[in-house]
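Residue numbers (my numbering), protein chains in the order written: chain A, 1 to 247; chain B, 1 to 247; chain C, 1 to 247; chain D, 1 to 247; chain E, 1 to 247; chain F, 1 to 247.
None of these hints come from the bench; they were simulated from the model. Here the structure is a predicted model, which is why all the values come from computation and not from measurement. The beta carbon of each residue, even a glycine, is placed where N, CA and C say it ideally should be. Among the hints, erroneous ones may be present.
Okay, the calculated bits of chain F under chain A, using three or more residues with CB under 8 Å as the criterion [stated by the list, open to error]:
#: 1; region: 35 to 46
#: 2; region: 53 to 59
#: 3; region: 97 to 107
#: 4; region: 204 to 217
#: 5; region: 220 to 231
#: 6; region: 235 to 247
Number of protein chains: 6
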Amino acid sequence: MRLLLLNPNTSRDITDLITEAARSVAPASVELTSVTADRGVPYIATRAEAVIGAGVALEILAEREGQYDAAIVAAFGDPGLGAARELFSVPIVGMAEAGMLTACMLGGRFAIVTFAEALGPWYRECVAMHRLDARCAGVLTLDNAFRSVGDVQNERADMLVELARRAVEEHGADVVVLAGAPLAGLARKVRDRIEVPIVDCVAAAVLQAVTLATLNPRAPAAGSFKRPMPKESIGLAKPLADWIGHR
Amino acid sequence: MRLLLLNPNTSRDITDLITEAARSVAPASVELTSVTADRGVPYIATRAEAVIGAGVALEILAEREGQYDAAIVAAFGDPGLGAARELFSVPIVGMAEAGMLTACMLGGRFAIVTFAEALGPWYRECVAMHRLDARCAGVLTLDNAFRSVGDVQNERADMLVELARRAVEEHGADVVVLAGAPLAGLARKVRDRIEVPIVDCVAAAVLQAVTLATLNPRAPAAGSFKRPMPKESIGLAKPLADWIGHR
Amino acid sequence: MRLLLLNPNTSRDITDLITEAARSVAPASVELTSVTADRGVPYIATRAEAVIGAGVALEILAEREGQYDAAIVAAFGDPGLGAARELFSVPIVGMAEAGMLTACMLGGRFAIVTFAEALGPWYRECVAMHRLDARCAGVLTLDNAFRSVGDVQNERADMLVELARRAVEEHGADVVVLAGAPLAGLARKVRDRIEVPIVDCVAAAVLQAVTLATLNPRAPAAGSFKRPMPKESIGLAKPLADWIGHR
Amino acid sequence: MRLLLLNPNTSRDITDLITEAARSVAPASVELTSVTADRGVPYIATRAEAVIGAGVALEILAEREGQYDAAIVAAFGDPGLGAARELFSVPIVGMAEAGMLTACMLGGRFAIVTFAEALGPWYRECVAMHRLDARCAGVLTLDNAFRSVGDVQNERADMLVELARRAVEEHGADVVVLAGAPLAGLARKVRDRIEVPIVDCVAAAVLQAVTLATLNPRAPAAGSFKRPMPKESIGLAKPLADWIGHR
Amino acid sequence: MRLLLLNPNTSRDITDLITEAARSVAPASVELTSVTADRGVPYIATRAEAVIGAGVALEILAEREGQYDAAIVAAFGDPGLGAARELFSVPIVGMAEAGMLTACMLGGRFAIVTFAEALGPWYRECVAMHRLDARCAGVLTLDNAFRSVGDVQNERADMLVELARRAVEEHGADVVVLAGAPLAGLARKVRDRIEVPIVDCVAAAVLQAVTLATLNPRAPAAGSFKRPMPKESIGLAKPLADWIGHR
Amino acid sequence: MRLLLLNPNTSRDITDLITEAARSVAPASVELTSVTADRGVPYIATRAEAVIGAGVALEILAEREGQYDAAIVAAFGDPGLGAARELFSVPIVGMAEAGMLTACMLGGRFAIVTFAEALGPWYRECVAMHRLDARCAGVLTLDNAFRSVGDVQNERADMLVELARRAVEEHGADVVVLAGAPLAGLARKVRDRIEVPIVDCVAAAVLQAVTLATLNPRAPAAGSFKRPMPKESIGLAKPLADWIGHR
């Protein structure tokens, strides 16, 4: 099983982090390929950056089309997820969706805990987009600045643990989703310091990608996710233009 | 990884069916144990039978406690799921929840397609219980009688395929969940006759149980699913009474 | 009119308490019979205990079938309510549902106030099950331990009054539902110490049972609550097995 | 117990009809007073007429204040219900609210069945106002003209029975609410011709008024239904102006 | 374009205030007529007063029918709005609806900020009536008494600014709606003291009335807002009775 | 007032169509500038194309920044709307949002009627994104192919009128939104052939842009739409990169 781990950000250290977290849970049979965006922003944190990241994700998926059995869009707000599912025939997994749905199986309501206040609005819209508001106890964010996104999980581990505790005690969360690619791998380290199950989004996404690829669903030929008819375009990255044009 | 596949019904042929479907997707590392209820009804189809099946599921889980790393309650309406999660420390997977959440990752809205009209109301309440109404395009049921629940998937295959097509064309489903333990394994057989991805609930449940057990979440010591304090009881099956009494 | 007051718990002192509260509002024409569960737990406080209590409730209802014109399942989370309505032809009233719907007629949003933190999650799921979230201002619970469930309403009266006040002032409740059989009768005693109407669930349930029995609705022969077809079973209490088997 | 049955319409034959339906279920201890509006329209059927009826209802309630222990606003859309609850200290029951909440205790989802297409929009808004959409299977209306509103229940009985059947078969209703004062008493006559429980709104309203008056809730001194402070006004009916002015 | 600015309250100083606010944004082509209610209360602040104001609004609209191309019901809770839309053929704008919908275009969630605690419940019901709960971050009200409703915006400006800040910081509002006719014109004065966009409801209502009148929609001849059939009535203001009677 | 009418598609004939529709309602004081995307697809009809269009919209807005007082993203699904509002300080109007919110002021529930089946899923997600599901009676689409998107409104006028009628009669719509830039101007032509008010989205968007620009709201310095901090990027169009980098 060939799995594409797609980082729609330009930060290679984040790619390394998520690749390591992915390998730690992927079955031996999984052949994992990681890709870092070569255009865009170092770390997607706002609605506008998500628009950019969504476009980049589609470009990478088109470029590698045929080389993977399932793909993971490894940014928490799932930029371009629906678009990717519509365009490509293999399962596409979003890190946020996978993390939240996995959390649903471990309790009644999950909280999303993350490291930067700026991520709050985008993450809240992501919860609503997936229609999971009734299962979400809250999105809690740290408000202090951090030195480096690649190292934020070490730098802010104690504060994130504290925030997770608040999510449980004050917001009634049964499960905590540690959200954002930069927190990949943290869940395992702080597992015993938080009193409820914690979900690592990268780990969840990898396991869900394996689940979907194993189920081997057919590509839709009907419904709202069937591949659109061929279409001409101007100025798009060539592989994406070719894929959209059915060339 | 030890997986308990718990059939809260008394039909051994259903247990055989789901065991086979489970084995077809379970990784080699999974040690699968199937159990059939020794009290209850042959097949849970109503709210009252779900109450009975829920009690039976808790009894079986208590009896085998310590012998599994994750368990699957293999009846579509997830009888006793929340109760089981609250009582036991390992992941418990519900066939309906697993099927529906897996379907969420394959499209926008799923339809639930099943073989008996009597199942409709209970299944609809199950969708609501999981707060997934906004993702559900409908619950569609056959209305004809069938000869044997153990063979209904062969007897009614064509009609179920037709119903799934209607779910897509008339109800706007992007994914079809073939619901009910008696339909285990059917998805694979009819995969190419339905124009959207189909989810086999047993397969989904097994893969989600593997996902959760791999994530290895801690047992909650806070939140609404922490294990209740010890409590005395009268007249319960001994292993369940002992577990509730922390003995 | 014969009314069955069914305590699905094994505590006889609770049965006495609710019987007294019931008698204080029941019209003279009501012949009231109280039954205490002879198996189960002393007081249902969790999801798992509700599963057990639901089974017990069905057993008692089957055992007494034909001896009552309406029945009340006298535990706040309404264990087995839907199942009971489906199986039996006379009106079945749930204490939580009756309390909440009655409260709806006294204001816009009600708060549920109760004596034990452990009850919170189960009660919140009960609100959702009845689709009354939009009318519920919150579920507020005391967090201190109490000596005896049979005397908790006296022991904790002041704290419950204080909690009810907070429900009004901080949560915007227009009405307070004092929830849980052990609080039966308390509403009358603290009526003038809380600034909004208070609903006693047992009183509400009795009056709603009278209402339904007076309306004398027919048993459904269609819809999702018509009595299921006869079904064989193994190992159930004989009266319940006979009733499910239409014997 | 003194019960005020307030018809906010000007049709005396409707008042007679609802009075008879009320008497048929009211306990002997109830002293029933019926009032017909002396201004307004013969039968409220639209949003604008409901505005007029709401004002008339408040006038009548103010005029009779002190002469009743509970009052029923006997028009299905509950004109002025919230306003009346806010102004007056005794329980006020709305025919629609009472009918719908009573129906909730007899099944999962109710349908509203009525005799005139024009009533549909207003009734649908009434369902939403009470936040009961999730419990409502539909509002079904006859579309033919009728000769007389006072006799419509006889003239259209067969068609209403047919409509109720469609509500069950096509819309999945578990209970049917026969809506509108002109249908008072019809439920009893057609009880055995419809396969699910039917709710007579006047009967339900009377029994709910008895329930609330028996509970004897205090008038709110806090929350959103406490009586407003005294206020001057111009041109209102004197008793209403006096009551609003705390005179 | 002739615009009717209808104050359903009896306070002429409020009419002056809203007229001035209206003129400050109305295009030169708008011919603005203001009307003050000659019966009712000085300022609508409760559900009961809204019932009265709704009736008054319909009377004024009927009296002036044919003299305006669009009308504004200038009280925040939109008394009689649906009724007016149903009766009259030109666009009718509600101050609350216009303010909230305009705010929706300036951010994700709006907060409603107003000057009197008594307005809270009525305003919250207004949000629900328009089905905008998911877009509303909260209704925040001052709790101190004020000297004069006509001057409350000057007297309480600082406290309202502070409340708006809390709406942003604690409730997550992206936009603030300054609600209530007495606050007309305040938004402009405090624009730079609040960190998010502020909506003046009168200004929004005038501009939305211009928008609707420019679109020049036809009067509905179908759907739930088509004009009701002629109806007789008793005791209504003559122009309203004539209009309802199609005379 | 300078208004930017931004067509995120590459079809110049569509730009001409919407420009004409815009001019027909814009006040004389509006200086209208139209821009056609120079990269992307001829007509956005799917989720993936919306991702591309969203990126293009941000590029155009950045390129012209400072040259407009308000902008309209003239594609019905509002690609990039939230992102644009977050990045830029002047009001940004989405054609879908403007059309739907305007429709809300003309009735209870609107239907969206459009010319291509492929648009359905994306439009439905757009309704959900704006949290307007409760106000939407349905999204109805023609299912036949058409010759040219630039002429589809003439070619398919009769079928669209028929579809709008069905929206009213079968789906209970009070208002019809003719959706999609290619239908700009059609509403006026078919106004008298549909029995309820019809909303032209371009006209609505222009008038709402005028409304917002007239209100002159401040750019948010707090809340979820305040401009993000400066950020480096790679490979973006220079004006967008500069704007994101605060250069």
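Do the hints match the structure? See the list:
no.: 1; hint: 35 to 46; in the structure: holds (count 7)
no.: 2; hint: 53 to 59; in the structure: holds (count 3)
no.: 3; hint: 97 to 107; in the structure: violated (count 0)
no.: 4; hint: 204 to 217; in the structure: violated (count 0)
no.: 5; hint: 220 to 231; in the structure: holds (count 5)
no.: 6; hint: 235 to 247; in the structure: holds (count 3)
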